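Sequence lines, in order, name chains X and V.
Plus 27 on top of the position in the first sequence (first one is 1) and you've got our numbering.
Plus 417 on top of the position in the second sequence (first one is 1) and you've got our numbering.
Please keep in mind that the hints were generated in silico from the structure rather than gathered at the bench.
A few of these clues could be false.
Label pairs and their calculated CB-CB ranges [said to hold, decoys possible]:
#	chain 1	residue 1	chain 2	residue 2	range
1	X	Ile-232	V	Lys-447	38 to 48 Å
2	V	Ser-612	X	Phe-293	48 to 58 Å
3	V	Lys-447	X	Gly-272	34 to 44 Å
4	V	Asp-587	X	Leu-190	25 to 35 Å
5	V	Phe-549	X	Tyr-88	41 to 51 Å
6	X	Ser-164	V	Val-571	18 to 28 Å
7	X	Gly-250	V	Leu-705	22 to 32 Å
8	V	Phe-549	X	Ala-111	16 to 26 Å
9	X	Met-175	V	Val-712	54 to 64 Å
10	V	Val-571	X	Asn-220	56 to 66 Å
Covered by chain X, per the in silico footprint, the following chain V stretches (three or more residues, Cβ under 8 Å) [as the list claims (entries may be wrong)]:
#	segment
11	470-484
12	539-548
13	599-613
14	633-642
15	700-713
Remember, it's a predicted structure, so these values are computed and weren't measured experimentally.
Glycine included, each C-beta is placed from N, C-alpha and C at the ideal position.
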Amino acid sequence: MTTPTDNELVIKESPYWPAILLVSSGLLLVFCIWINSNGNNDQCLKLLGVIATLGIFSILYQENPVFRYLEHIFIGLATGWSVAFTWFQLIKPKWYDSFVPAYWNSANTSDKHGQWWLIFALLLGLLFFTVYFQKISWMNRFAISVLMGWAAGNAFQQFMGTLAPQIVASFRPPVTTYEVQGLPNGDNYHAWNIWLHPWTLIALIVLVCTFAYFFFSLEHKYGWVRQPAKAGRYLLMITLGIIFGTTVMSRFTLLIGRLEYLRMAFIDWGQMFTFWISHLMR
Amino acid sequence: MSWQALQNIDRRWIYLMLGVVFIISLILGKPQTGVILPTVTNLYQAVENVPMDKIIFINTTFAPNTLAESGNQARAIIRHAALNHHKFAIMAVDPQGANLGNIIAQDVAEQYGLKYGVDWISFGYQLPVLAFYKSFPKDIPGTVKQDGLDEKPVTVENYPIMENLKTASDIGLMVEVSASSSLFDWIQIVQPTTSPRLKLGYACTGIMASEAYPYLDSGQLVGMMPGLKGAADYEQLVDEKEQTQLNAGKLDHPYKSKTIQKYIVSPARILMFTQSNAHVVVILLIILGNIGYLVTRYRAKKKQQETAE
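Let the hints inform the model, and build the full structure from the sequences given.
Below is the structure:
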């Protein structure tokens with residue numbers, strides 16, 4: 028196997044591919060309806076899962092229509108599913124069922140019906156679409172201002188909730204004359220009535236060095252700024268390396284999960300096959 | 418030998434090599450026993466320290482694609498709760514996660530003989546909107562309203578487990594098993610409004626671990642299970658505890674020693690063994706690539722010197 032060039036990766040596609048894929052989509056749709064109406068559909072679902080997994084894995088060899096077909100099916104399914112999901116899990120139970128009178132919808136299970144004032148939520152939402160009509164486009168600012176106000180208030184609360192404890196934790200003293208509760212394991216050594224917190228000191232140094240790297244108000248020509256900034260750069264590189272390492276590790280796990288699924292599916296089918304063969308041989 | 422070739426190995430050979438290593442390792446299926454991460458030990462201890470009258474909340478906010486990581490993490494923590502006879506509740510802010518959480522919890526409940534509604538409960542899928550996070554800590558039954566195990570939901574207040582679960586102060590520990598950023602909603606919105614502060618544990622995918630470490634140091638998280646490694650470590654601790662209880666004859670009947678596995682087919686420790694082998698291959702490839710680079714550079718320099726002379 029040699030290294031493929033860009034030209035080699037562009038495979039010659041048959042002109043019949045669109046027709047083949049269209050027919051496959053039809054068959055897939057019929058198959059899915061059938062397995063949905065059939066109670067015992069575990070093996071069919073497993074078969075679909077195996078075909079889809081192997082088809083998606085085919086990109087590892089080279090670009091091909093089967094991969095693209097499955098990719099589009101995946102995106103289409105996800106989009107269709109989210110539309111249905113938004114209606115059935117969000118809009119219908121939270122807004123529609125409460126808004127419409129009980130006699131409009133016999134399946135209405137909401138304990139409160141006919142809350143006519145919920146129409147304002149719809150009107151506010153519709154204001155977003157006025158952007159498409161030049162004469163009344165200014166009205167969408169009402170909706171945007173409500174959204175921005177809500178987001179700003181929420182962001183402030185979230186900022187305080189998230190970062191306030193971290194700011195406090197970032198500036199813990201590295202040496203104390205008293206024991207500090209709540210420090211991570213190993214971050215507390217006691218000698219001569221002095222408690223040393225080495226990891227706190229390291230965290231403080233890393234914090235200052237990283238800040239120095241992003242401190243652009245002062246030119247980095249003085250040693251006392253340049254050296255910590257340089258150290259900060261290396262520390263950032265180490266951090267990014269760690270993030271990259273965990274990313275690779277996580278991606279491997281996704282692959283292992285799929286391979287394990289394939290392995291178990293084939294073991295299952297192998298056992299079924301052996302069972303039927305032994306049954307026929309009797 | 419052309420050392421340059423080591424830097425231009427066709428990616429398909431690398432995929433093939435990794436695929437072979439993965440499959441062989443999975444077939445061998447050796448459970449890995451490794452050095453346990455301190456963050457995992459902290460989470461384990463946090464579960465151990467939960468008072469018996471408090472509930473452990475387990476949020477299973479993940480999809481099938483991260484079952485190998487998140488599924489195993491959820492199962493390990495549920496097993497731990499079951500072994501300790503802690504009552505627990507399952508919930509998700511992801512619809513697929515709600516379903517997967519139910520499946521895993523049902524498996525473990527069947528294995529350890531737990532009763533639904535008495536020892537554990539499922540709150541199913543909850544919409545991750547601000548209103549939910551605001552009202553949840555003050556009134557859990559009023560916010561959740563119905564359970565989420567079956568297609569026909571039942572009012573949660575009908576279950577005995579709800580007698581001791583009214584507000585966030587009844588939650589001994591909340592563990593967020595997540596493949597998304599759902600943890601931050603609990604940290605940002607719920608945790609500051611609870612007194613005493615709601616204890617949060619985190620079981621995340623490997624990719625998300627690095628951004629969660631600052632929350633451990635600040636005490637916003639009591640412990641963390643990062644990725645498959647975290648799941649394997651936690652599973653090791655739970656396996657050891659289970660073995661101790663089995664040896665002492667403490668496990669109640671009807672205990673089934675063989676783990677029931679419907680969707681998560683392999684425990685985390687076996688998958689971690691596979692991943693460790695893949696890491697060895699990747700490290701070898703990095704070393705080979707670097708050798709190729711260094712030798713090529715050395716030869717080019719030598720050639721340049723010879724030409725200059």
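Comparing the hints with the structure gives:
{"no.": "1", "hint": "X:Ile-232 to V:Lys-447: 38 to 48 Å", "in the structure": "holds (41 Å)"}
{"no.": "2", "hint": "V:Ser-612 to X:Phe-293: 48 to 58 Å", "in the structure": "holds (54 Å)"}
{"no.": "3", "hint": "V:Lys-447 to X:Gly-272: 34 to 44 Å", "in the structure": "violated (23 Å)"}
{"no.": "4", "hint": "V:Asp-587 to X:Leu-190: 25 to 35 Å", "in the structure": "holds (28 Å)"}
{"no.": "5", "hint": "V:Phe-549 to X:Tyr-88: 41 to 51 Å", "in the structure": "holds (46 Å)"}
{"no.": "6", "hint": "X:Ser-164 to V:Val-571: 18 to 28 Å", "in the structure": "violated (49 Å)"}
{"no.": "7", "hint": "X:Gly-250 to V:Leu-705: 22 to 32 Å", "in the structure": "violated (41 Å)"}
{"no.": "8", "hint": "V:Phe-549 to X:Ala-111: 16 to 26 Å", "in the structure": "holds (21 Å)"}
{"no.": "9", "hint": "X:Met-175 to V:Val-712: 54 to 64 Å", "in the structure": "holds (59 Å)"}
{"no.": "10", "hint": "V:Val-571 to X:Asn-220: 56 to 66 Å", "in the structure": "holds (60 Å)"}
{"no.": "11", "hint": "470-484", "in the structure": "holds (count 3)"}
{"no.": "12", "hint": "539-548", "in the structure": "holds (count 3)"}
{"no.": "13", "hint": "599-613", "in the structure": "holds (count 6)"}
{"no.": "14", "hint": "633-642", "in the structure": "holds (count 5)"}
{"no.": "15", "hint": "700-713", "in the structure": "violated (count 0)"}
When the structure is compared with the earlier hints, violations turn up for hints 3, 6, 7 and 15 and for no others.
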